[in-house]
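Protein chains: 2
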Amino acid sequence: MMRTRPLKVALLGCGVVGSEVARLMTTHADDLAARIGAPVELAGVAVRRPQKVREGIAPELVTTDAAALVSRDDIDVVVEVIGGIEPARTLITTAFEHGASVVSANKALLAEDGATLYEAAEKHGRDLYFEAAVAGAIPLIRPLRESLAGDKVNRVLGIVNGTTNFILDKMERTGAGYSEALDEATALGYAEADPTADVEGFDAAAKAAILAGIAFHTRVRLDDVHREGITEVTAADMASAKRMGCTVKLLAICERAADGRSVTARVHPAMIPLSHPLASVREAYNAVFVEAEAAGRLMFYGPGAGGSPTASAVLGDLVAVCRNKLAQATGPGESAYTQLPVSHMGDVVTRYHISLDVADKPGVLAQVATVFAEHGVSIDTVRQKGKDGEASLVVVTHRAPDAALSGTVEALRKLDTVRGVASIMRVEGE
Amino acid sequence: MMRTRPLKVALLGCGVVGSEVARLMTTHADDLAARIGAPVELAGVAVRRPQKVREGIAPELVTTDAAALVSRDDIDVVVEVIGGIEPARTLITTAFEHGASVVSANKALLAEDGATLYEAAEKHGRDLYFEAAVAGAIPLIRPLRESLAGDKVNRVLGIVNGTTNFILDKMERTGAGYSEALDEATALGYAEADPTADVEGFDAAAKAAILAGIAFHTRVRLDDVHREGITEVTAADMASAKRMGCTVKLLAICERAADGRSVTARVHPAMIPLSHPLASVREAYNAVFVEAEAAGRLMFYGPGAGGSPTASAVLGDLVAVCRNKLAQATGPGESAYTQLPVSHMGDVVTRYHISLDVADKPGVLAQVATVFAEHGVSIDTVRQKGKDGEASLVVVTHRAPDAALSGTVEALRKLDTVRGVASIMRVEGE
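Here the protein sequences come in this chain order: V and L. Anchor point for the first sequence: position 378 equals 378 in this note's numbering, and the numbering is continuous, going up by one each time. Anchor point for the second sequence: position 361 equals 361 in this note's numbering, and the numbering is continuous, going up by one each time.
In isolation and in its complexed conformation, chain V is listed as follows (with noise of 0.2 Å):
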């Protein structure tokens, strides 16, 4: 049933990513035309600077203008890999019109205006894949939006952001602190030159909200990510959490409202146990548990970036996307149905980790569980340490709304006895 006709292709960038999607298109052209069912070829690669040697694509296929190209009525599908908000928003509506589908490893733009390519994408009847988007080669969208599409997913947990997590896991395998283990990471190639976007939780960040989209078929924006970064993580936090027997990672948290009625997404560091998959994630790798009504707790693990990882998601994608498109059928578009509110990071149930250095005498330890009782948060261990008139107390709390704890923290700062909030760190995983 092999049809001769190419499907053309479009690519939109050629760096790490959109060169490795070359090669594998060239390189395994067969296989692809055998799961597809026709033969595929690259019609087109949208470049920056079109004098640059790309070893394996032909010189005449390079453009630079990539409008033109997204605009050509032959090509089936467009693979965009350029990143950024503009001009990758107005390229894709410009294919979907043209009558491409759309494979895209953007979560960037998918995070800030995802709703405006899904609206295209319908309205012409074509397809918006976007794997690569998340946890690079994890297959985590497919699963969520296919795979999971008769239960119901009540959390999704995961470490999605390599850069961060090779660093916290310097911290924790070395007793480093942040600067030391991001030099290394910037040494070693883990985290860029400006690593603003990975360690202050934009890209953490961007992965939740086309999550939490996702997984709760409703729409969630960047902006409704609350982003913490790992900046103020210090080796003190790590040893902190390995006297709990846990770890520090930067996770982000989607979750259901108990009640059902609304969702959260967040980004920030936090501990969890050390028995906890999540906490033997080294280096730049990825995990994301979802907790699903039926199925239970599933894991996925892998690397989370690099070329090659990234090129394999695009493929799978334009794999299902050059089917769909022989069928005359699209793929699953988007499911924003249930309209849930997202709700702030107060109304969150979590736990909290405070270290307060505070004065050495008596009654101390009764004024600061005052203001715990005060603000309706349940205190489960409390540990002391008293030094020559100083002391410090770790206090590890019972879930309670995010709104409570900040609340407390701040009164406690306010008492004559707390010379100062050493650290607060959030516990999950239990």
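Just so you know, not all the hints are guaranteed correct.
Since the list can't tell identical chains apart, any single copy or any two copies may satisfy a pair.
To be verified - Using 27 Å as the maximum straight-line C-alpha spacing, the simulated BS3-like pairs for lysine-lysine come out as follows:
hint, residue 1, residue 2
1, Lys8, Lys152
2, Lys325, Lys414
3, Lys385, Lys152
4, Lys123, Lys325
5, Lys387, Lys414
6, Lys242, Lys325
7, Lys325, Lys152
8, Lys385, Lys52
9, Lys361, Lys414
10, Lys123, Lys52
11, Lys387, Lys325
12, Lys8, Lys387
13, Lys385, Lys242
14, Lys152, Lys242
15, Lys385, Lys8
16, Lys152, Lys361
Think of the hints as simulated: they come from the structure by calculation, not from any bench. All of these numbers come straight from a predicted model, not from anything done at the bench.
Following the hints, position chain L against chain V.
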């Protein structure tokens, strides 16, 4: 775009999985309708014991005549959760003939004669989905068939049987022998009264056949899978594994040969390093590693069995085939275009851990080493322990063809100085 005429589903089998499928179809009816684009309706349930009260299922839907049910021309999808070869095979092919698509959880049938089912599906332009046949709710079939469709899978390595993992985990944690651990598994409901299918590796071998077929786009049948169970794994083996920094797991391993010209599929107990993620898969959980050329190493983890997880996988497939039906399209069918031969176990390249009881006299090690050398098997490490004229030798080999390894063992048995071969176990996951 909601269609109001419901899609009609016939359910074959109403045991643990079937009753959960029926229950979820009711409780999640609105979600399923939104995700499919049309409501789904249970149109009939074929059972063996019609008198049994089934909560939530209208008695008029219940029938003992499965053949008549699948022959109805108004059925859109048949869900087969009976298991076994017949009548399941005939019912499924009849369903295709009458225009239905099929969702099946029947690993035995798919491993034994998947080709017949695939051919019937293709002939009639219908879908055959079976995520639930391997590793319960863990998405594996869809990631292999779709997410990795643009990649080249070289290896699938996993724990795909919960009963045996529970037993081996118990042996590792408590030092118990096989029988004792089996008794506990039986008492807790993790092992059936007749545990043969699990402990002899038949269940895992069926899953290995299915996974190998999909991963390598070739046909692999149950008979092609080398199979060894766990009944001969001893407390001493587990202790030896521990001394090597390993544990023992029952692994299903599907591999592409180094030259790419053949594949192998096998199920046997093996030592794997404690640092390998599969080593920490506890109790009845399943986990599967997939190694692909571009994607790298991915792992999928979750509950491998049980009514709810299996029903979740069935419903995910149900949504997909219903969507395909509405679009008058089909999902990916059998992909066996590579037609690779399945090699025998002798061609598998692996490592051995061998414990020998030997005479405690000079020259024994030299004799033993000579036998290894004569068979072209290179020794990695030897540990020698002597006591009262008796001694033991523990040899770990480098990688060699399984045939050379078993030839070595045979020759060792014939040495006068070798009193016995205490255990032989393959070493994997490095």
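Going through the hints against the structure:
Taking CA atoms no more than 27 Å apart as the test, Lys8 paired with Lys152 passes between copies only; the shortest distance there is 22 Å, against 37 Å inside one copy. In this assembly of identical chains, Lys325 and Lys414 lie within 27 Å of each other by CA distance neither inside one copy nor across copies; the values are 64 Å within and 64 Å between. With identical chains, the CA atoms of Lys385 and Lys152 are never at most 27 Å apart, being 45 Å at best within one copy and 57 Å at best between copies. In this assembly of identical chains, Lys123 and Lys325 lie within 27 Å of each other by CA distance both inside one copy and across copies; the values are 16 Å within and 21 Å between.
With identical chains, the CA atoms of Lys387 and Lys414 are at most 27 Å apart within one copy only, with a shortest distance of 22 Å there and 71 Å across copies. Taking CA atoms no more than 27 Å apart as the test, Lys242 paired with Lys325 passes in neither setting, with 53 Å inside one copy and 53 Å between copies. Within a single copy, Lys325 and Lys152 get their C-alpha atoms only as close as 30 Å, which misses the 27 Å cut-off; across copies the closest is 23 Å, which meets it. In the homo-oligomer, the alpha carbons of Lys385 and Lys52 never lie at most 27 Å apart, since the shortest distance is 62 Å inside one protomer and 64 Å across protomers.
Proximity of Lys361 to Lys414 under the C-alpha cut-off of 27 Å is restricted to the intra-copy arrangement: shortest distance 17 Å within a copy versus 79 Å between copies. In this assembly of identical chains, Lys123 and Lys52 lie within 27 Å of each other by CA distance neither inside one copy nor across copies; the values are 37 Å within and 50 Å between. Within a single copy, Lys387 and Lys325 get their C-alpha atoms no closer than 72 Å, and across copies no closer than 73 Å, so neither meets the 27 Å cut-off. Proximity of Lys8 to Lys387 under the C-alpha cut-off of 27 Å is found in neither arrangement, the shortest distances being 72 Å within a copy and 73 Å between copies.
In this assembly of identical chains, the alpha carbons of Lys385 and Lys242 lie at most 27 Å apart only when taken from the same copy (17 Å versus 39 Å across copies). Proximity of Lys152 and Lys242 under a CA criterion of 27 Å is satisfied in neither setting, with 34 Å inside one chain copy and 40 Å between copies. Taking the closest pair of Cα atoms, Lys385 and Lys8 never come within 27 Å of each other, the shortest separation being 68 Å inside a single copy and 67 Å across copies. Taking the closest pair of Cα atoms, Lys152 and Lys361 never come within 27 Å of each other, the shortest separation being 52 Å inside a single copy and 67 Å across copies.
Hints 2, 3, 6, 8, 10, 11, 12, 14, 15, 16 from the earlier list are contradicted by this structure; the remaining hints agree with it.
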